[in-house]
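A.B. asks: Take a look at the letters that make up each chain.
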Amino acid sequence: MTTETTNTRPRRALPSMSVLGPILALIVLVAIGASLNSNFLGAANITNVLARSAFIGIIAVGMTFVITAGGLDLSVGSMAAFIAGLMILVMNAALPTLGVGVPIILLGMLVALLAGLAAGLLNGFLITTLGIEAFIVTLGSMGIYRSLVTWLADGGTLSLDFGLRTFYRPVYFDGILGISWPIIVFALVVIGGEILMSRARFGRHCAAIGSSEHVAHYSNVNVNRTRLLTYAMLGVLVGVATIMYVPRLGSASASTGLLWELEAIAAVIIGGTVLKGGFGRVWGTVIGVLILSLIDNILNLTDLVSPYLNGAIQGVIIILAVILQREAKAKG
Amino acid sequence: MTGTPVLSLRDVSKSFGPVEVLHGVTLDLRAGEVLALIGENGAGKSTTMKILAGYQPATSGRILLDGEEVTFGSLHEGEEAGIVMIHQEFNLAEQLTVEQNIFLGRELHRGWLLDKARMRRLTREYLDRVNCHVHPDTPVAKLSNSDKQMVEIAKALSRDARVLVMDEPTAVLTASETRTLFERVRALKAEGTAILFTSHKLGEVAEIADHVTVLRDGAVVHDGRAGGIDEDGMATAMVGRDVSDLYPAKAGMSGEVMLRVQGLDVPGQAEAVSFELRHGEILGIAGLIGSGRTEAMEGLCGLRTASAERIEIGGDAVTIRRPSDALDHGLCYLTEDRKLRGLLLDKPMWENLTLQSLEKFGGVLIDRTAEERALDRAISEFDIRSGRRDMRVGNLSGGNQQKLLLAKVMMSEPRILVADEPTRGIDIGTKQQIYAFLRDFAASGHAVIVISSEMQEVIGLADRVLVMRTGRVAGTLTGQEITEDAIVRLAMGLGAAETERVA
Ligand SMILES: Nc1ncnc2c1ncn2[C@@H]1O[C@H](COP(=O)(O)OP(=O)(O)OP(=O)(O)O)[C@@H](O)[C@H]1O
Ligand SMILES: [Mg+2]
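Protein chains in written order, with the numbering used here: chain C, 10 to 341; chain Z, -15 to 487.
Please note that the accuracy of each hint is not assured.
Stated by the list, open to error - Simulated pairs of lysine to aspartate or glutamate, EDC-like, Cα-Cα distance not exceeding 16 Å: (1) Z/Lys185 with Z/Glu215; (2) Z/Lys173 with Z/Asp144; (3) Z/Lys34 with Z/Glu63; (4) C/Lys285 with Z/Asp330; (5) Z/Lys323 with Z/Asp144; (6) Z/Lys323 with C/Glu222.
Calculated directly from the structure, the hints in this document are not laboratory data.
Could you build all of it, start to finish, from the sequences and the hints given here?
C.D. replies: See below:
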């Protein structure tokens, strides 16, 4: 019964090291953290780590699709900052008419989602229809959004009206059954993303395009539309992440979302998605995100290594992940 | 005159993981002799050749060079020993130019700088030797498949090989290019080069080989002088059964018009192409390479920009702008280029098989069990032989890739199948099966268009033949008119009077 064995492990063809690698790394990190600090496994710390992971995580799930389909998006960090700025401006402006209440929050969320969608579609349009290199397009839009938010804030900080901020705060700090909203939303996005990637036509099409655009085209896959959708989806997810992020600080400035794009891309690659496209897995991305935030968390909790070296350690891990990927590929 | 063995295999076996694909192969390459290694798809020809040339290590057994046992640590040592191999799959760097490819890894220097002038002169010389007229500055990606192959051959011939190993060098060549290649092979033979070659075109084997070795399922089943075995004998030894009736009986009568194409234009490639296709019919499209056959059919199927005055399918006018439009009308194209356009080489079989028709495997979520069942069916229906069921498709033998591609296209249940070089690289036994399959498919109320550069295939298979020349339909031949001579005349633009009569 070959059918059954293949059914339970559809990606059996992949060498186990590329599957086990990230999981092992995560386990090792947890063990290190637990042995260095007794609070590490406490509920408060775990919630803290997960909630902080949520922003990058939600974005990284979208990034997994973009990269799997052979693309790249460098603009997500500044896009998040810009959306945050826009959201704050719109909500502050609507305050006199709508007053503090649920409608104004919903308006802000709608603005964030629409702005994300529009920004994603714009990136996607330039990349697919006009055929400009993804790296170039998103490098450009990264600069544009960053500069726009600086301009909107006039070089300083855009702050949400104080009354509104208090009203909006629970979206970051509250939740159901002690699990905060960002974690819940992150989990939902991950579950949806995983199903979409491994069980739905869209995920198959993304992988097909990433492994060969020509073959995909000849196999009746609408290459441009699928690519465009990956960017649009990523844009919307950036909007979702921003909705969760704004209540945390209640402000946006030129340094909001700085380097998020690199963290998101790093998480995707550490999770085993192939940078040049053709193969991606959402659950791997989640592990990648957790690995990155755990490193940060451990360095902050202990005084073993200076937290200033966080970036260096993350860098080493990313390079290691890619080396592992290559070894796995050579063996397979 | 038989020379001394230059390179030999003694009892060589090879396994990929748990699967043994070669079982104790022994053969000798002699100076000044052409050895043809033939066998079914997946019999192990390419694997044997790669072991000989040092591209893959043998699992057990010995390799003898001039009677001494050797192990090639790397490709370089194989090359050092004067062994040059032309791969079944193109091995050129697509982004580099013809000249850069020919000198890749052994660029000529003058002091610290590249000696461009000398490389240019030599490139021209090498290309001239094989009558190949591409410009040395053309990027390889822009060449046709047959030109790529000629560049590959020119490159191999430039290396003063003692042993030349060629894996299906003629699969993508035209008849005249094959003749040129064989002239060079004869010249090399006279100079004392030992040559190993394989082809599924047994006529070529009979023509050029001095010695024939037949592999079946990884073991040598026949080994002898070429004079001692004829084409039928080779086919029987390879397949294990008689394959003299290669082509199925033709339809005779065909039904009403199923597809009518009027004034199809593909910018820069084909112009004013008009034809009809009837129920139950196999229409052959012949023509020289570059005559726009492939481009016209890709245009028809929405795969490239094209316009037409009118296209009718089943009597209704239709507009086809993208591949999905064509599929909606039951029109499906099987590409000639399985590596670059047909299959995702890094993916397993099931993922390739269902890619074109995923919507048949569940609405929102894909039904993996159904996919596995489809693969089971495809494997048995098309006799796909793979070592492991879940290995990457790139590791399937060339012919088995082609069978998988056919299975993939048939998954979308076309009513009109446009098959572009459907039997390229396929062994004679499987060819017979594919011809029978196409005929049955046509007979069950469908229709088939077959583009083929193999004259015998067009003549043997098609009820009607459309000949294209420089992007236009040069004429149509029916029944008794379908002869090699008539096709060649139309393809070359001779005998215009006749053209008008039939068109
Ligand atoms: N890298 C590999 N990993 C696993 N199996 C392999 C690999 N390379 C070849 N095989 C298997 O070895 C067998 C022999 O393949 P090979 O390419 O030598 O056949 P071939 O005789 O050249 O066939 P064809 O006429 O189709 O080119 C096939 O079953 C193939 O699937
Ligand atoms: Mg082969």
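A.B. asks: Now tell me, hint by hint, if it's right for this structure.
C.D. replies: Here is how each hint holds up against the structure:
1. Z/Lys185 with Z/Glu215: Judged against 16 Å, a Cα distance of about 10 Å means the pair holds.
2. Z/Lys173 with Z/Asp144: Holds - the C-alpha atoms of Z/Asp144 and Z/Lys173 are around 12 Å apart, at most 16 Å.
3. Z/Lys34 with Z/Glu63: 12 Å, holds
4. C/Lys285 with Z/Asp330: It holds: about 13 Å lies between the C-alpha atoms, which stays within 16 Å.
5. Z/Lys323 with Z/Asp144: With a Cα-Cα distance of about 30 Å, the restraint between Z/Lys323 and Z/Asp144 is violated, given a limit of 16 Å.
6. Z/Lys323 with C/Glu222: 12 Å, holds
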